[in-house]
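Same order as they appear, the protein sequences are chains A and B.
The opening position of the first sequence corresponds to residue 1 in my numbering, with each subsequent residue numbered one higher.
The opening position of the second sequence corresponds to residue 1 in my numbering, with each subsequent residue numbered one higher.
Hint data in this document are derived by calculation from the structure and do not stem from the laboratory.
Predicted model, so just to flag it, every value in this text is computed and none were measured.
Glycine residues also receive a C-beta, built at the ideal position from the N, C-alpha and C atoms.
Only pairs whose alpha carbons sit at most 35 Å apart, straight line, appear in this in silico DSBU-like list of lysine-lysine:
| id | chain 1 | residue 1 | chain 2 | residue 2 |
| --- | --- | --- | --- | --- |
| 1 | B | Lys28 | A | Lys166 |
| 2 | A | Lys152 | B | Lys152 |
| 3 | B | Lys183 | B | Lys236 |
| 4 | B | Lys236 | B | Lys86 |
| 5 | B | Lys46 | B | Lys28 |
| 6 | B | Lys86 | A | Lys166 |
| 7 | A | Lys166 | B | Lys46 |
| 8 | B | Lys236 | B | Lys28 |
| 9 | A | Lys152 | B | Lys46 |
Facing chain B, according to a computed beta carbon distance under 7 Å, are these residues of chain A, among others:
| id | residue |
| --- | --- |
| 10 | Met69 |
| 11 | Asp81 |
| 12 | Val82 |
| 13 | Ala101 |
Next come the chains, spelled out residue by residue.
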Amino acid sequence: MTSILYHGEPNGPSLTVLAAAFEKQVDLALERIDLVAGDRHSARVPHAMEVDQSIEGEGPVLVVGGTPMADSVFIACYLDDVGAGPALRPADPYARWQMMAWCRYVIERLAPAASYLGLHAAPPARAPDGIASMDLAERWREAVEGRFDEAKLADSRTKVTQATDKIEAQLADGRDWLMGDFTIADLETYAWLAGMPALVADAFADRPLTNAWLARLKARPSVARALSLAATAAPETIWAPGPEINRWG
Amino acid sequence: MTETGRVTLYHWEPNANSGKPMLTLFEKGVAFDSHYLDLLSFDQHKPDYLAVNPLGTIPAMTHGDLVLTESTAIMEYVDEAFPGPKLMPADPVDRWRVRWWMKFMDQWLGPSFSMIGWSVFIGPSVRQRDPAELDAAIERIPMAERRVAWRKAISGAFSPEEMAESQRRVALGIGLLEEALGKREWLASDSYSLADINGFNLAYALPLSQPHLSNDTLTPNILRWLRAIYARPATKQCWAMGRTDMAKRVTILESEPA
Numbered sequence: 001m002t003s004i005l006y007h008g009e010p011n012g013p014s015l016t017v018l019a020a021a022f023e024k025q026v027d028l029a030l031e032r033i034d035l036v037a038g039d040r041h042s043a044r045v046p047h048a049m050e051v052d053q054s055i056e057g058e059g060p061v062l063v064v065g066g067t068p069m070a071d072s073v074f075i076a077c078y079l080d081d082v083g084a085g086p087a088l089r090p091a092d093p094y095a096r097w098q099m100m101a102w103c104r105y106v107i108e109r110l111a112p113a114a115s116y117l118g119l120h121a122a123p124p125a126r127a128p129d130g131i132a133s134m135d136l137a138e139r140w141r142e143a144v145e146g147r148f149d150e151a152k153l154a155d156s157r158t159k160v161t162q163a164t165d166k167i168e169a170q171l172a173d174g175r176d177w178l179m180g181d182f183t184i185a186d187l188e189t190y191a192w193l194a195g196m197p198a199l200v201a202d203a204f205a206d207r208p209l210t211n212a213w214l215a216r217l218k219a220r221p222s223v224a225r226a227l228s229l230a231a232t233a234a235p236e237t238i239w240a241p242g243p244e245i246n247r248w249g
Numbered sequence: 001m002t003e004t005g006r007v008t009l010y011h012w013e014p015n016a017n018s019g020k021p022m023l024t025l026f027e028k029g030v031a032f033d034s035h036y037l038d039l040l041s042f043d044q045h046k047p048d049y050l051a052v053n054p055l056g057t058i059p060a061m062t063h064g065d066l067v068l069t070e071s072t073a074i075m076e077y078v079d080e081a082f083p084g085p086k087l088m089p090a091d092p093v094d095r096w097r098v099r100w101w102m103k104f105m106d107q108w109l110g111p112s113f114s115m116i117g118w119s120v121f122i123g124p125s126v127r128q129r130d131p132a133e134l135d136a137a138i139e140r141i142p143m144a145e146r147r148v149a150w151r152k153a154i155s156g157a158f159s160p161e162e163m164a165e166s167q168r169r170v171a172l173g174i175g176l177l178e179e180a181l182g183k184r185e186w187l188a189s190d191s192y193s194l195a196d197i198n199g200f201n202l203a204y205a206l207p208l209s210q211p212h213l214s215n216d217t218l219t220p221n222i223l224r225w226l227r228a229i230y231a232r233p234a235t236k237q238c239w240a241m242g243r244t245d246m247a248k249r250v251t252i253l254e255s256e257p258a
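One chain only, chain B, in its complex shape (with noise of 0.2 Å):
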């Protein structure tokens, strides 16, 4: 039943969920209609994507007649659906590794890195606007924990021992990419695969963002690692899709290390 017709991927920027299929279908060399939905603007909680995808999470991909939503299942889907180099190891094993770093990254480092980058670089600017404007748009949004994630996001009403949390998680985070990195080239396999993408994504502006965390000196597997994945064709092809100067901050990762 799968289908043979059109892509197109609805997506913010190449970066984090979105991201993570756009560079999977640029490494795959799937042509894709882009329809991008700015997050900051809450496109995607606007009847014209709620059509879409009525959970109004970014991303979502359609397929022909078929509708794809979660990014790494997306993922998963562009791999398998799709002819281009396989981004999942052949053993099983090392399959198997691919996948338990994507769900730690998705559940359990991603959403630290995305406090810590609301409450300092996104929320401060969405906060400037009109505080009606702001809360009919919270309203709009279907998911009742999306809501509450929101409203603490643009207000800033992450407590002290939440962001404390936060930053522990990813400093631990970083220790263990850190330290899977220094065991094989890339992160769960010999082969580049999904697990590098949603890596990618999650991490490309750690140097950036975590100096005191990340640099040449503490974490060179981490950075030959991110220069690695900035260096691809694809990952310039995906980047060449930004709107915003999000994905020209990571200059570093064209240098050589200090």
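The shape of chain A in the complex, shown without the other chains (with noise of 0.2 Å):
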């Protein structure tokens, strides 16, 4: 039984999955719904805890003998674990640490700062009926009657650069990706980034590595495959309420 993706556009968490997808050659039979228009919480997506209750927010649905799946993260490794093609994490089991700390900062600091300010410059108009998460359906109304945090919009500017900081960092070395070999670290880093030049360009001036990182990213057949299924002719200025920023550290 081929399994189903439901997927938002090409951006944030829809991105890593559909990439990792294409990089491991699974096949999928693709759904596309609208993020920004509930479509997750109607009766067109299978429900079930792990769905109504990630934490991730708006992101897309695995569904695998009909078990459906959340968080892309966690999507992607299972994805490198049945699929064909080149693995997306490292073997050893240190490299695999470092990578799965990554992502659990990407997940934690970077993507809720992303989607806030995403959210910020393209509130959704309405909030979806049905949504089982309570903390999901108060983002969602914040987003939708524009209330932002004008403290909250700093710090995730402040995420943002200090992400951008890592990366360069991380990159130092003349590596071509974030682990050495290309990982779901690239995948997740990059699908909460894509958006962000355009909302927080101080974060990218002065930072090559970054920035030239970010254009082998976009150029990644996997990835270029993902975007071309776009909608709308900026996937990255399409945001759907993601991760709440951490209510206390």
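Two chains, each in its own frame: build the complex with the hints.
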């Protein structure tokens, strides 16, 4: 039975999972949904606790043998396990720890910041019905009503700048990819950062290695193929509520 | 490049984030040198430890020359780098589910437990100390976010709304745990996994801290699960490393269902 991937515009977590599937040559039935219209909460998408309560927010859903799965980094790990393409995680346990710790940093610090800034620039018109998670529903209402906090916006710009500092340092030894070999860390980091040059230009000034890395990612066949699925001219400007900013540290 | 050298774990009580790699090491049968840090004396922000982990977060582990931080990522490393029983299931969907639960507990449910725990149990005792000394200790914390969190925790400055939201999440989380443990023997798969180790370190005190929400009547599967993990030899070894009475409070797990 072919697995089905319900994905939004190729930005954020949908971009990670689409590109990972293409890297790994996993044959999936692709079902486009409109995350900004709230399709993930409709009857179109199979529901399960792990989808409804996913703290990633509006991400893709992969249905494997009747099990709906959410959270892009872990779906990408799944695809890495089952696909025939080149490995997307290092084989060495320490290098793999580095990759998982990097991804944890991205999903905990960068993703909430990018999502907040993206939503601020392009808030959704209305919140959908049927959102099971109360805190995700509240993030929708805040975005729709334009209730953005100046301190959180400033902190989010700082977080994006910290991320590009970290990337610039990581690439300083001349490597092409964050972990040396191409991994899920490159995809997840790029997926959240692709829309940020337009919103936090300072974070990308004087960071030649980061900018070259962004260009390499955009040109990579799996990413280019994912981007070619966009229904809009600029998928990196399309945002639906993502992970929350940490409640306390 | 995996080292074959000694393993040293820098940890606090066999509890929460420290308890996750501790229990994993015991389950794998990996010998390690224990370096105990007193979280409430801010040992983790002192120069000796910052030389190991500049972010000042607990736990950290060294393996030969390698340094590892982030408790859940350390658990996966320990499972992969050492022989011993496999603590990740073989099925790729089950592996996804293990990671899903660990993220949900680390980033959504755990912080709510912590907020309540600090506010009710730990904050009041720390608050007895000299304010100037506490202030100096907080200033030594490397991460700005953590300075804010510690200030709030110590001063008890969580708003009623924040506390209510944490209590809402704890209640919902208990329901989701009970539901998942009603479907299968262990949290994320049919075999004992890192998700169970993670979950036990988060939830072992539930029947005591939230007795109106978690007990043999309302959450029989959570109690069954906690008792089963509590009874494991590795858990006994791990808890023997505790220095405070934190781990002695849960004798309820030694009893049969009421």
